[in-house]
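**Student:** These are the residues of each chain, in order.
Protein chains: 2
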Amino acid sequence: MTPEEKDNMSFVQKLENIIKKNNTLLCVGLDPDSNKIPKNLMSLKDPLFEFNKAIIDATHNLVCAYKPQIAGYSALGIQGLKSLLKTVSYLKKYHPDIPIILDAKRADIGKTSEKYAEEAFDIIGADAVTLNPYFGLDALEPFLRRKEKGIIILCRTSNPSASDFQDLKVNGEPLYLVVAKKIVEWNKKYHNCLMVVGATWPKQLKEVRKIAPEMFLLVPGIGSQGGDLQGTLQNGLTKNRSGLIIHTSSAIIYASSEKNFAQKAKDAAMTFKDQINKERDL
Amino acid sequence: MTPEEKDNMSFVQKLENIIKKNNTLLCVGLDPDSNKIPKNLMSLKDPLFEFNKAIIDATHNLVCAYKPQIAGYSALGIQGLKSLLKTVSYLKKYHPDIPIILDAKRADIGKTSEKYAEEAFDIIGADAVTLNPYFGLDALEPFLRRKEKGIIILCRTSNPSASDFQDLKVNGEPLYLVVAKKIVEWNKKYHNCLMVVGATWPKQLKEVRKIAPEMFLLVPGIGSQGGDLQGTLQNGLTKNRSGLIIHTSSAIIYASSEKNFAQKAKDAAMTFKDQINKERDL
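So the protein lines, in turn, are chains A and B. If you want this note's numbering, it's the position in the first sequence, counting the first as 1, plus 47. If you want this note's numbering, it's the position in the second sequence, counting the first as 1, plus 47.
Keep in mind that the hints were calculated from the coordinates and are not lab data. We put the CB at the ideal spot given by N, CA and C, even for glycine. Just to be clear, a hint being listed does not mean it is correct.
Partial chain B-side listing against chain A, Cβ under 7 Å, derived [claimed, not checked]:
1. Gln116
2. Ala118
3. Ser121
4. Gly124
5. Asp155
6. Phe168
7. Ile170
8. Leu184
9. Thr204
10. Ser208
11. Leu276
Lysine-lysine pairs mimicking DSS-like chemistry, simulated, CA-CA at most 25 Å apart [said to hold, decoys possible]:
12. A:Lys158 <-> B:Lys311
13. B:Lys216 <-> A:Lys257
14. A:Lys86 <-> B:Lys158
15. B:Lys83 <-> A:Lys229
16. A:Lys67 <-> A:Lys83
17. B:Lys158 <-> A:Lys129
18. B:Lys250 <-> A:Lys216
19. B:Lys286 <-> B:Lys67
20. A:Lys158 <-> B:Lys133
21. A:Lys257 <-> A:Lys236
22. A:Lys139 <-> A:Lys67
23. A:Lys92 <-> A:Lys306
24. B:Lys100 <-> A:Lys158
25. B:Lys129 <-> A:Lys158
26. A:Lys235 <-> A:Lys253
27. A:Lys92 <-> B:Lys129
Bound-form chain A, shown alone (with noise of 0.2 Å):
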């Protein structure tokens, strides 16, 4: 494969492709804070990054994705996107098999979404992104029709407060339902939806799957948001045994703040892998 057809290839293929190689289901989220790395890294010109390095030199034959946080890094101004830009270098010339997820959720008027596409996919060269549905179809467009990423929609988020709007029921529907539909509508006619449906909600991401039986669905919430893992797998697993990027990121890549992190996060990614492939393989 030339690097132009690689470059052309979907991120839904891209990631099809590494599912296979490395056997797993498992993202690990790449949010380095300089309160939890290990302290002998601060010393180091730029410890995000090298910390980010480790994690990935560590894990990277046990993950189908790595989603660096955006605020993570937007928090801490320019030399934060420094360290995500090198952060996204690296993946790219060492690693050029695994997507990476921007984790962004955003979304607004048309053209200022055009914007946002440039900073995701030509600026920070994420393969796919995340995104708020709120402003409906058009806020989406300028993402979607970059064909070869992936537009990954939240659609029921992990966090406590999400039964605020998103289980109000509209026709005796809840909300997230009308958004998994629209969706998968979208679907249709872009062929690079994803949607984001936290582990935290099991009993949802089964409605969820009912809707979207193929579909591809990024699963946040394991770790230290307590979301339930085998219920997401019993409830999510698309009939091929696959269909859902697992992600967790405090439980892996801080596993231990001692010097050797970066073993104890590949132990950890490890145990996560064969939790999800033992479930799979039933």
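Since chain A is already given, all that's left is putting chain B on it; use the hints.
**Tutor:** The following block gives chain B in isolation, referenced to the frame of chain A:
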């Protein structure tokens, strides 16, 4: 007033002061686009900042706020962020009484929203930020806890697809009004909420105003989006002929692409200010 007291002044107080001082409800967008700004600026070291500076120098007596939309800067990476930071520094130094609204439409799970609040308030130094309600309350709390900041939550967005979800009926009431009621409820606890209602939806603005008779509403969509200025004012002004932040961007800052762009922007801003005040004075 000491600088410290000024720092502790609430956003709404700062807004009310400048509305009185400048006798205006006009908010101007600081949205420099290298494809649109006058060519003679492009040879300067930081064309986007120079453009903003010229717009600020020409319009600062005519506005009640400036609103940079972050996407336009983020789409340019590190240089874009530098231009934004320089613009905010310039405003804080020369026009500290004019509030800065960062248009970012952020929201995420609590610990991530915490980071976004740091981005908006600590790194960029905004006085207020726009947020998306889809996640529910706990996603907004890290912002709401910043008592002196303005927390401007989307209610009815200005784009055509706003109706996709915001018009869905929940117990006979459209979602955007359910959101409006929630914002009013949250404001009783936090006292720093505002909401966004697009000028493209004057009827909906009337309904929101009934629910929030005194709250400040940020109203985008005047100008290139075709919003209805007169309908906005008739339906949105509070009893004391205030309560609106009327935002426009392209129609002012791109009034001309010639060397006299700043003067033309001033003229356009003056016209908008006068049109608005004519209705306020009725």
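**Student:** Hints first: check each against the structure and report whether it holds.
**Tutor:** Structure-based check of all given hints:
Nearest Cβ of chain A to the Cβ of Gln116 (chain B): about 6 Å, under the 7 Å cut. The hint holds. At its closest, the beta carbon of Ala118 (chain B) sits 4 Å from a beta carbon of chain A; the interface hint therefore holds under the 7 Å criterion. Proximity of Ser121 (chain B) to chain A holds as hinted, the smallest CB-CB distance being about 4 Å (cut-off 7 Å). A cut of 7 Å between beta carbons decides the hint on Gly124 (chain B): the least distance to chain A is about 4 Å, and the hint holds.
Interface restraint check for Asp155 (chain B): the shortest CB-CB distance to chain A comes to about 5 Å, inside 7 Å, so the restraint holds. A cut of 7 Å between beta carbons decides the hint on Phe168 (chain B): the least distance to chain A is about 10 Å, and the hint is violated. Interface restraint check: Ile170 (chain B) against chain A, minimum CB-CB distance 4 Å, threshold 7 Å, status holds. With a cut of 7 Å, the hint placing Leu184 (chain B) at the interface with chain A holds, because the nearest CB-to-CB distance is about 5 Å.
Because the smallest distance between the Cβ of Thr204 (chain B) and any Cβ of chain A comes to about 5 Å, under 7 Å, the interface hint for this residue holds. For Ser208 (chain B), the interface hint holds, the least distance from its beta-carbon to any beta-carbon of chain A being 3 Å, beneath 7 Å. With its C-beta approaching chain A no nearer than about 18 Å, Leu276 (chain B) sits outside the 7 Å limit, and its interface hint is violated. Taken as a hint, the Lys158 (chain A) and Lys311 (chain B) pair is honoured in the structure, with Cα atoms around 23 Å apart against an allowance of 25 Å.
The suggested pairing of Lys216 (chain B) with Lys257 (chain A) holds, with an alpha-carbon distance near 23 Å, which does not exceed 25 Å. Pair hint Lys86 (chain A) plus Lys158 (chain B) holds up; C-alpha atoms about 22 Å apart against a cutoff of 25 Å. Taken as a hint, the Lys83 (chain B) and Lys229 (chain A) pair is broken in the structure, with Cα atoms around 35 Å apart against an allowance of 25 Å. Of the supplied pair hints, the one linking Lys67 (chain A) and Lys83 (chain A) is violated, its CA atoms being roughly 33 Å apart against a limit of 25 Å.
For the suggested pair Lys158 (chain B) and Lys129 (chain A), the alpha carbons sit about 22 Å apart, so the restraint of at most 25 Å is met. Between Lys250 (chain B) and Lys216 (chain A) the alpha-carbon distance is near 24 Å, which keeps this suggested pair within the 25 Å criterion. A C-alpha spacing of about 16 Å is found between Lys286 (chain B) and Lys67 (chain B), which places the hinted pair at or below 25 Å, so the restraint holds. Taking the CA atoms of Lys158 (chain A) and Lys133 (chain B), the gap is about 24 Å. The hint holds against a cut of 25 Å.
For the proposed pair Lys257 (chain A) and Lys236 (chain A), the alpha carbon gap of about 20 Å is at most 25 Å, so the pair holds. Restraint check: the Cα-Cα separation between Lys139 (chain A) and Lys67 (chain A) comes to about 19 Å, which is no more than 25 Å; the hinted pair holds. Under the criterion of a C-alpha separation no larger than 25 Å, the hint pairing Lys92 (chain A) with Lys306 (chain A) is consistent with the structure, at around 17 Å. A distance of roughly 23 Å separates the Cα atoms of Lys100 (chain B) and Lys158 (chain A); the hinted pair therefore holds under the 25 Å criterion.
Straight-line distance between C-alpha atoms of Lys129 (chain B) and Lys158 (chain A) comes to about 22 Å, which keeps the hinted pair within the 25 Å bound. Restraint check for Lys235 (chain A) and Lys253 (chain A): satisfied, since their Cα atoms lie roughly 21 Å apart, inside the 25 Å limit. At most 25 Å may separate the alpha-carbon atoms for a hinted pair to count; Lys92 (chain A) and Lys129 (chain B) meet this at roughly 21 Å.
Consistency with the previously given hints fails for numbers 6, 11, 15 and 16, ordered from lowest to highest.
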